[in-house]
Amino acid sequence: MTHPFHSTLRELVLDASTRGRTLRPHGSGSKDFLAQQLAGAPLDMRGAQGVIAYEPSELYITAHAGTRVADIETLLAGRQQMLAFEPPHFGPGVTVGGMVASGLSGPRRMAAGSLRDFVLGVTVMDGQGRVLQFGGQVMKNVAGFDVSRLIAGSFGTLGLILDVTLKVLPLPQAEQTRMLELDDALALLRLREWGAQPLPISATCWHGGRLHVRLSGAQVALDAAAPLIGGEAVDAVEAAALWRSVRNHTHAFFDGDAPLWRVALPPTAPHLALDGDCLTEWNGLQRWLRSDTDADALRHVVGALGGHATLFRGGRTVDRALGVFEPLKPEVMAVSQRLKQAFDPSGVFSPGRLYPEL
Amino acid sequence: MSASPQAHANTANSHSTAAAPTVVSRAALIAELARVLPADCLITDTGRLRAYECDGLMLMREMPLAVALPTTEAQVVAVLRTCHRLGVPVVPRGAGTGLSGGATPHKNGLVLSTARMNRIVSVDRLAQQAVVQPGVRNLAVSEAAAPHGLYYAPDPSSQIACSIGGNVAENSGGVHCLKYGLTVHNVLRVRMVSMAGDVMEVGSAAPDSPGYDLLAVTIGSEGLLGVVTEVTVKLMPRPRVARCVLAAFDDVRRAGQAVADIIAAGIIPAGLEMMDQATTVAVEAFVHAGYPLDAAAILLCEADGTAEEVEDEIARVRTLLDAAGATEIRVSDGEAERLRFWAGRKAAFPAAGRISPDYYCMDGTIPRRKLADMLEAMNAMSDKYGLRCLNVFHAGDGNLHPLILFDSNDADSLHRAEAFGVEILELSVALGGTITGEHGVGLEKINQMCVQFAPDELDLFHRVKAAFDPAGLMNPGKAVPTLHRCAEMGRMHVHHGELPHPDLPRF
Ligand SMILES: Cc1cc2nc3c(=O)[nH]c(=O)nc-3n(C[C@H](O)[C@H](O)[C@H](O)COP(=O)(O)OP(=O)(O)OC[C@H]3O[C@@H](n4cnc5c(N)ncnc54)[C@H](O)[C@@H]3O)c2cc1C
Ligand SMILES: Cc1cc2nc3c(=O)[nH]c(=O)nc-3n(C[C@H](O)[C@H](O)[C@H](O)COP(=O)(O)OP(=O)(O)OC[C@H]3O[C@@H](n4cnc5c(N)ncnc54)[C@H](O)[C@@H]3O)c2cc1C
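Here the protein sequences line up with chains C and Y, keeping their order.
Using my numbering, the first residue of the first sequence is number 1, and each one after it goes up by one.
Using my numbering, the first residue of the second sequence is number 1, and each one after it goes up by one.
Keep in mind the hints are simulated off the structure, nothing from the lab.
Careful, some of the hints might be misleading.
Stated by the list, open to error - Pair by pair, the computed Cβ-Cβ distance ranges are:
#1 Y/Ile120 / C/Leu186: 28 to 34 Å
#2 C/Thr74 / Y/His288: 27 to 33 Å
#3 Y/Arg330 / C/Ala185: 26 to 32 Å
#4 C/Pro270 / Y/Ala146: 24 to 30 Å
#5 C/Lys329 / Y/Met489: 40 to 46 Å
#6 Y/Asn379 / C/Thr8: 45 to 51 Å
#7 C/Ala70 / Y/Gly87: 44 to 50 Å
#8 C/Leu189 / Y/Ala161: 56 to 62 Å
#9 C/Thr74 / Y/Lys384: 43 to 49 Å
#10 C/Pro270 / Y/Ile268: 32 to 38 Å
#11 C/Ala77 / Y/Asp333: 36 to 42 Å
#12 C/Ala77 / Y/Thr327: 32 to 38 Å
#13 C/Gln80 / Y/Thr327: 26 to 32 Å
#14 C/Arg19 / Y/Arg50: 58 to 64 Å
All C-beta atoms in this analysis are idealised placements derived from N, C-alpha and C, irrespective of residue type, glycine included.
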């Protein structure tokens, strides 16, 4: 869907490209902390805002990149629908473009899927100022390479996201959160055992000896599952506040200056033998770690388990030269560099945001 | 048998993307491959090569120079390095059930079949993951997982035969993908070998991996980026109970509306399929599923979960179907009846094969709310071209599989079937949909890519391919047309549902 703002963007991109300058697209800037480097003239993508199409019975919504995610979620809630991947809001103004570009998902990720699973289509402007449309508004579409999902999580380094179509899902009929007191090793065992059974678990969070488990679905299904999970029911208002705080990093665990690592692990990875406080989500697959452990040592431990680590927030003491994002294997980096070239031949967009080589 | 009538118009290799590969002598290629492969892994005699002449798109045929059947990844690497050095195109092949000619040989190329890489490496109950080689059949994964109470969700109708490598290449779906997703939602990690012979892993057993999402672009890439040598799939706990509702309608519009009503009510059924009357009649004669033959359309709606959940969902679905004007509603009682409800739907292809010498299976996807418009338009096309058409839909996600019945021995019938198919695909795009929901572009729909995508978009696809395969030797000429080809065809690009002359009546 064209918007007058796109011609402004095109001029800026072509100008930057001919003069050898760089641009850094941003939404509300809520994820500026999550960067290897912030380079390029800031380019505010909020010049085009608003929902382009919303068809509740087709399960999709299309919006300009500058649309606030909060507005979309309000609109969806009015029709008993949601963004099922529960994108984090690290500030009030989070935009759809920034959400898709950073590709982050929240507590419901293991049950519903990740952000990229819900991207049906995008319109992007590449480094030559060309407006390109990929995917669409239908659920099944295999014409051409899946560029829409490649754009998700590319942190604005491949192109400007102009608009996005996302699949939406109905809100669960009911939710209930249970709390169990368990140490982390036992919690991991329980989570794994539950995962292999058809239980309506939609989110999990372990911290400080307490495991919270959220169940979502038909009331009858929750009633049947609750005794299998055990523990005690948590008051609904309190539970909603807990999940919001985990999703948006307003939970007390995220306070303070200690470096914050995000560790993604395979399902059977054990408890991490690393110093520091840990908050475990996603059935044990996403672990947040506040730790001064040396980056190389940490990545060594995590890598040996088949996972990877992001220095999500560096704190004051940490050296970014260690790499905010997990270093890529050489053959993967080679393809990534050629992909960057394909989209952005003169290197206009956010150089070095992810890796110095991209 | 499924067949494309377009074969007579295009020979398989008239679409090469990259510069024409240097033609090396067949003898030289075979001699070089014989150094890196055991003798029984290389097919060179014409009689045995015939078996590889086509995939499920049977009217598009080409003889390859040779077929390699490696048994290990190291052999795949060696074969690809050899072909890369000699400039020989390589066409990856799984089970050959693809319906768009993705595995049609290249006349100056090698076919690399993964059929002998068919080992299930591991099934891990607690991780809910399985690691399999690419030649493993789709159904074999679920069979291996069954003792653990798990299964692999994507279930294409070809699941007894098609391979996981082929599923990855096509991003295949099945009747349950509305609720459980396509291949892209159920594959976690892929190991693949590039044309240059480099081994690369994309995705991981963890929930994501650093850098660009190369896994997403690999899935559905139709064998253009690399040869898949190992796949990690997600396994799901098998639902405790599944039940199916069969509803009959005397009007396709009402059936289409019922589909929208179910989704709008916040229900995501495990399956939601629709068949028109012609299909119902054809399959009933074949499988005796007990379908009402007087209905204009039949819906099949499946609920799964715990017994309580299923009962709850079935009750809600029933109410909605009643309100939408269903003339008859049956709920499966027991597993035998549920399977009988599905038997007819799953037998649509063989039933078509029974009543017609040939059929041509289309695969457009449209917004769900346009289902009835599309059906009416296709009925009009059926009259216009004088060919019968059976309509089966993955109604829940708007994916259409019209089966156009024709006779390939009658050149005119073949020609009309082709024109009929093209009109359906182009109307799918005009209605805001796509030319292919799950079968891929391959060679078959390459012309319609010019309708769905603008030249700049096609250019970017070529650049993406070149990022993985700079030499342009991996399955060249498939999936993405050259700009030259589109210009020659003179096809008008319809930009995503925005018709060039919206005021003109279309059907
Ligand atoms: C676990 C977690 C913790 C977080 N913690 C914090 C926190 O403490 N503080 C905080 O402020 N945020 C935090 N965030 C990030 C955040 O709030 C969001 O997820 C949000 O979606 C960012 O949107 P934005 O509009 O603010 O994007 P921005 O931060 O403006 O941009 C994010 C990225 O998207 C790119 N981008 C933005 N718009 C476009 C576009 N139209 N086209 C192309 N690229 C674009 C930018 O170049 C950048 O790479 C956190 C996120 C997660 C998942
Ligand atoms: C009766 C029938 C019913 C069908 N029903 C469905 C359905 O319900 N849903 C659906 O989605 N599809 C369906 N199909 C289509 C087909 O079965 C799928 O596309 C399937 O995924 C193809 O798998 P295959 O192993 O046969 O691949 P092939 O036909 O051998 O190859 C398909 C493509 O994959 C590439 N390829 C194969 N293996 C590899 C590899 N290891 N590495 C890289 N590329 C590779 C090939 O180059 C080719 O482009 C049906 C087909 C038939 C005949």
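Evaluation of the provided hints:
1. A beta carbon spacing of about 31 Å between Y/Ile120 and C/Leu186 agrees with the range 28 to 34 Å that was offered as a hint.
2. One distance hint, 27 to 33 Å for the beta-carbon pair C/Thr74 and Y/His288, is violated here, with the actual separation near 52 Å.
3. Separated by about 51 Å at the C-beta atoms, Y/Arg330 and C/Ala185 break the suggested range of 26 to 32 Å.
4. With their beta carbons about 28 Å apart, C/Pro270 and Y/Ala146 fall inside the hinted range of 24 to 30 Å.
5. Taking the beta carbon of each, C/Lys329 and Y/Met489 are about 41 Å apart, inside 40 to 46 Å as hinted.
6. For Y/Asn379 and C/Thr8, the Cβ-Cβ distance of about 47 Å falls inside the hinted range of 45 to 51 Å, so the restraint holds.
7. Restraint check, C/Ala70 to Y/Gly87: a C-beta distance of roughly 55 Å breaks the suggested window 44 to 50 Å.
8. Between C/Leu189 and Y/Ala161 the beta carbon distance is about 39 Å. The supplied range of 56 to 62 Å is therefore violated.
9. Checked against the hint of 43 to 49 Å, the pair C/Thr74 and Y/Lys384 passes, with Cβ atoms roughly 48 Å apart.
10. Taking 32 to 38 Å as the suggested C-beta distance range, the pair C/Pro270 and Y/Ile268 conforms, at roughly 35 Å.
11. A C-beta distance of roughly 38 Å is found between C/Ala77 and Y/Asp333, which places it inside the suggested range of 36 to 42 Å.
12. Our hint of 32 to 38 Å for C/Ala77 and Y/Thr327 holds, since their Cβ atoms are close to 36 Å apart.
13. Taking the beta carbon of each, C/Gln80 and Y/Thr327 are about 29 Å apart, inside 26 to 32 Å as hinted.
14. Restraint check, C/Arg19 to Y/Arg50: a C-beta distance of roughly 60 Å satisfies the suggested window 58 to 64 Å.
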